[in-house]
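> Next come the chains, spelled out residue by residue.
Number of protein chains: 2
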Amino acid sequence: MTNKRGMLIIFSGPSGCGKGTVLSRFLAERTDTVLSVSATTRKPRPGDVDGVHYFFRTREEFERMIAANELLEYAEYSGNYYGTPAPYVEECLAAGKNVILEIEVQGALKVMQTCPDHVSIFVGVPSIGELERRLRGRGTEEEEVILRRMAAAKQELATAEKYQYLVINDDVDKAVLRLQAILEAESLRYNRMKTNFMEVMNNA
Amino acid sequence: MTNKRGMLIIFSGPSGCGKGTVLSRFLAERTDTVLSVSATTRKPRPGDVDGVHYFFRTREEFERMIAANELLEYAEYSGNYYGTPAPYVEECLAAGKNVILEIEVQGALKVMQTCPDHVSIFVGVPSIGELERRLRGRGTEEEEVILRRMAAAKQELATAEKYQYLVINDDVDKAVLRLQAILEAESLRYNRMKTNFMEVMNNA
Numbered sequence: 123m124t125n126k127r128g129m130l131i132i133f134s135g136p137s138g139c140g141k142g143t144v145l146s147r148f149l150a151e152r153t154d155t156v157l158s159v160s161a162t163t164r165k166p167r168p169g170d171v172d173g174v175h176y177f178f179r180t181r182e183e184f185e186r187m188i189a190a191n192e193l194l195e196y197a198e199y200s201g202n203y204y205g206t207p208a209p210y211v212e213e214c215l216a217a218g219k220n221v222i223l224e225i226e227v228q229g230a231l232k233v234m235q236t237c238p239d240h241v242s243i244f245v246g247v248p249s250i251g252e253l254e255r256r257l258r259g260r261g262t263e264e265e266e267v268i269l270r271r272m273a274a275a276k277q278e279l280a281t282a283e284k285y286q287y288l289v290i291n292d293d294v295d296k297a298v299l300r301l302q303a304i305l306e307a308e309s310l311r312y313n314r315m316k317t318n319f320m321e322v323m324n325n326a
Numbered sequence: 123m124t125n126k127r128g129m130l131i132i133f134s135g136p137s138g139c140g141k142g143t144v145l146s147r148f149l150a151e152r153t154d155t156v157l158s159v160s161a162t163t164r165k166p167r168p169g170d171v172d173g174v175h176y177f178f179r180t181r182e183e184f185e186r187m188i189a190a191n192e193l194l195e196y197a198e199y200s201g202n203y204y205g206t207p208a209p210y211v212e213e214c215l216a217a218g219k220n221v222i223l224e225i226e227v228q229g230a231l232k233v234m235q236t237c238p239d240h241v242s243i244f245v246g247v248p249s250i251g252e253l254e255r256r257l258r259g260r261g262t263e264e265e266e267v268i269l270r271r272m273a274a275a276k277q278e279l280a281t282a283e284k285y286q287y288l289v290i291n292d293d294v295d296k297a298v299l300r301l302q303a304i305l306e307a308e309s310l311r312y313n314r315m316k317t318n319f320m321e322v323m324n325n326a
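Protein sequences appear in the order of chains R and A. Each residue of the first sequence is one higher than the one before, counting from 123 in this note's numbering. Each residue of the second sequence is one higher than the one before, counting from 123 in this note's numbering.
The following block holds chain R by itself, in its conformation from the complex (with noise of 0.2 Å):
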């Protein structure tokens, strides 16, 4: 059969809810999927590589990146710029690989405007008094810290709405799970399958 275009894979939740637990268990077991690379003006740090961890590129490279539009998003924090470059994930996705973008919401809503064929996730918490255990559960953080990220994560969980799915980290194993399935069954939508059901129809 032709190869399938692979899926553009929105993936968020608030800090605290295990996302990144459960992308990378599920990533250790797909070969067909793979975590975008953002680029970034911000300093490599010793062990970063450039096309792994990020795109490192300068100021004007990135300015550059914005006016030729070949960023799905896009934002700066600390000085710094942050994106996803659109001509490193239409590769992949041409290629047949799934792209997952970890994304942060405001990022996450440009990126469902833009790519209207995407599957969103948000990745919920068991209950709010769960999520402020975890968070105090690391035990580095000031009263202050996590009362600012409490309300954060609020505000992050109620914008959960516009995703497609959600996925509740009660337990790591089920949430990677859970995300399996919503990938196998989002391959399965008749918009996807539709170039090999048309080889389907003519096949003898």
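Errors might be hidden in some of the hints.
Claimed, not checked - Just so you have them, the derived chain R footprint on chain A, three or more residues with Cβ under 8 Å:
#1 282-290
#2 293-305
#3 308-314
Read the hints as simulated data drawn from the structure, not as lab findings. Using N, Cα and C, we set each Cβ at its ideal position, and we do this for glycine too.
For this one, chain R is given, so just place chain A on it according to the hints.
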């Protein structure tokens, strides 16, 4: 957590696609999902149990159900009515059971309109040639019957685009897994999770 409402699943496919086998294998493993029971005016045959195989109704009773809008869809074949009783389906859904309607395309299109909150799955064959081999493989049909069935199947396959999902039945085990993934993923849609999610937001 609050008992979640069940999902209404519309399940169609041409004669010879093997959807009956896939369904019975799938249902054998699930206690949360039932096959809908149709109402009919045809006479019970030996072994038929009212309320299990069909709800057996007189013509007058059936026509009263039509007039009272108590059928999600109905049709007449060889002088007998067949239809899907809305109150029965609603009772199952309210009790948290998923309900599968194994239904032909015309009825399916009707239910899609009447019940917007549905999951629709079309079962296809790996190729038209394979369908023909399966139909001929039964070895019991005359050429004319086979040709008529092939023509009907091609027409039915062309309606696959009206369904959300396409499950190619190239292998029964795989088709059952695909069906499981679809139901799992659909249960994670934000709209179906939101009742539980409201509790998440309020739970300490």
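> A separate judgement is required for each hint: does it hold in the structure or not?
Going down the list of hints, with the structure as the test:
no., hint, verdict
1, 282-290, "holds (count 8)"
2, 293-305, "holds (count 5)"
3, 308-314, "holds (count 4)"
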